[in-house]
Amino acid sequence: MNHPSFEDLSSFIDKELPDWKIREIEEHIDICPTCRERLEDLLLIDQGIRASYQEFDTQTFTAEVLERIRPKPVSRYNFRLKLATIGLAISLIFGASLGIVRSRYRENLNREKQLLISQHNIISSGDMGVILISDR
Amino acid sequence: MYKVKNYKEQDDITLIKLAQKGDEKAFEEIVNRYSNRVINLAARIMGSRDDGWDIAQEVFISVWRNIKSFDSTKNLYPWIRKITVNACYEELRKRGKGLESSLDDVEDGEPSIDVPDEKYSPEDTFDKIELNEVIEKALETLPEHYRVTLWLRVIENLTYEEIAETLNINIGTVKSRINMARKLMRDRLKYYLEVKDEPS
Ligand SMILES: [Zn+2]
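Protein chains in written order, with the working numbering: chain G, 1 to 136; chain V, 1001 to 1200.
FYI, nobody ran anything at the bench for these hints, they're computed from the structure. Bear in mind the structure is a predicted one, so any value in this text is a computation, not a measurement. Please note that the accuracy of each hint is not assured.
To be verified - When the alpha-carbon atoms are kept at most 30 Å apart in a straight line, the in silico DSSO-like pairs for lysine-lysine are as follows:
#: 1; chain 1: V; residue 1: Lys-1008; chain 2: G; residue 2: Lys-15
#: 2; chain 1: G; residue 1: Lys-21; chain 2: V; residue 2: Lys-1190
#: 3; chain 1: G; residue 1: Lys-21; chain 2: V; residue 2: Lys-1183
#: 4; chain 1: V; residue 1: Lys-1175; chain 2: G; residue 2: Lys-21
#: 5; chain 1: G; residue 1: Lys-15; chain 2: V; residue 2: Lys-1082
#: 6; chain 1: V; residue 1: Lys-1074; chain 2: V; residue 2: Lys-1183
#: 7; chain 1: V; residue 1: Lys-1094; chain 2: V; residue 2: Lys-1008
To be verified - Non-contacting residues of chain G with respect to chain V, defined by C-beta distances greater than 12 Å in every case (computed):
#: 8; residue: His-3
#: 9; residue: Ile-13
#: 10; residue: Arg-23
#: 11; residue: Lys-82
Here a beta-carbon is modelled for each residue, glycine too, at the ideal position from N, C-alpha and C.
Start from the sequences, fold in the hints, and give me the full structure.
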């Protein structure tokens, strides 16, 4: 057999060749140091890749995942905060409007008072000579 | 629902069934069991540990949300692995990376990057850098589609057919990607592989 191709050696270590081909390559490797070395290099690369598999902090990871799938107390706090803000805004608006209504009411009251006084003055100085005494 | 004392001792099927009923502890055990593999895989595809971590989190949240629709007669991890691969490619697509490489069909084509990185030139002596460390760095410089295919083969121990299924590509592409990945690795590590053969 000729030296197996790089592709064949690669498929050989992955056991992705028909049985007869695997046997052929095995027999060849036994007698060919060059191919044995090529094969060893490939196996060494695979071994290095396996060594690059890392151990992560899975405890922290799991805790983070679980926290994300649970209803968060933080968001409940936010909800309360939102509720308080809305309440405050409503009372401010209510307070301000009450203030405006009250000042308008007072203005109207003063205006009416002035009107009454002027009417009283007209009547008390009228041609009829009738004197009306205001109760004020 | 019956109470389970030791979740660690339960098999996947039991854990799935419990998680499908909303048992958080069962889900916790699923995360414990597979998170390291998922983070490793995602980190390899994304080319970053932090990204791998973040995507793996999204993967398990998606597992929790979709566990009810999972067919408990099937194996759990291949499903999680598929979600992981899809999530990574989706993220790479969003970032404008990796789309062309995930859809490629490089039967015998040249690799997109074939110039060995400067870092791996034989400037440093072999005993300064461990071979495994150099191999990991060489792996990181592989184009992502070669890297993930080789990873699924070597770490996840999948057959070419299973890889084809996971990545939605044909077996011929799997084979050529693995060959090309190994060729690139060998070329980049040529110096170190030669040194290890020399008598010290
Ligand atoms: Zn030979």
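Hints versus structure:
1. For the given pair, V:Lys-1008 sits about 33 Å from G:Lys-15 by alpha-carbon distance, which is inconsistent with the 30 Å threshold.
2. A C-alpha spacing of about 27 Å is found between G:Lys-21 and V:Lys-1190, which places the hinted pair at or below 30 Å, so the restraint holds.
3. For the given pair, G:Lys-21 sits about 21 Å from V:Lys-1183 by alpha-carbon distance, which is consistent with the 30 Å threshold.
4. With a CA separation close to 16 Å, the supplied pair V:Lys-1175 and G:Lys-21 stays within the 30 Å bound.
5. Under the criterion of a C-alpha separation no larger than 30 Å, the hint pairing G:Lys-15 with V:Lys-1082 is consistent with the structure, at around 23 Å.
6. This hinted pair does not check out: V:Lys-1074 and V:Lys-1183 have alpha carbons roughly 36 Å apart, beyond 30 Å.
7. Restraint check: the Cα-Cα separation between V:Lys-1094 and V:Lys-1008 comes to about 37 Å, which exceeds 30 Å; the hinted pair is violated.
8. With a minimum CB-CB distance of about 15 Å to chain V, G:His-3 clears the 12 Å threshold, and the non-interface call stands.
9. In this structure G:Ile-13 is not separated from chain V by more than 12 Å, as the shortest Cβ-Cβ distance comes to only about 9 Å.
10. Every CB of chain V is more than 12 Å from the CB of G:Arg-23 (nearest about 20 Å), matching its label as outside the interface.
11. For G:Lys-82, the non-interface assignment is confirmed: its Cβ lies about 25 Å from the closest Cβ of chain V, beyond the 12 Å cut-off.
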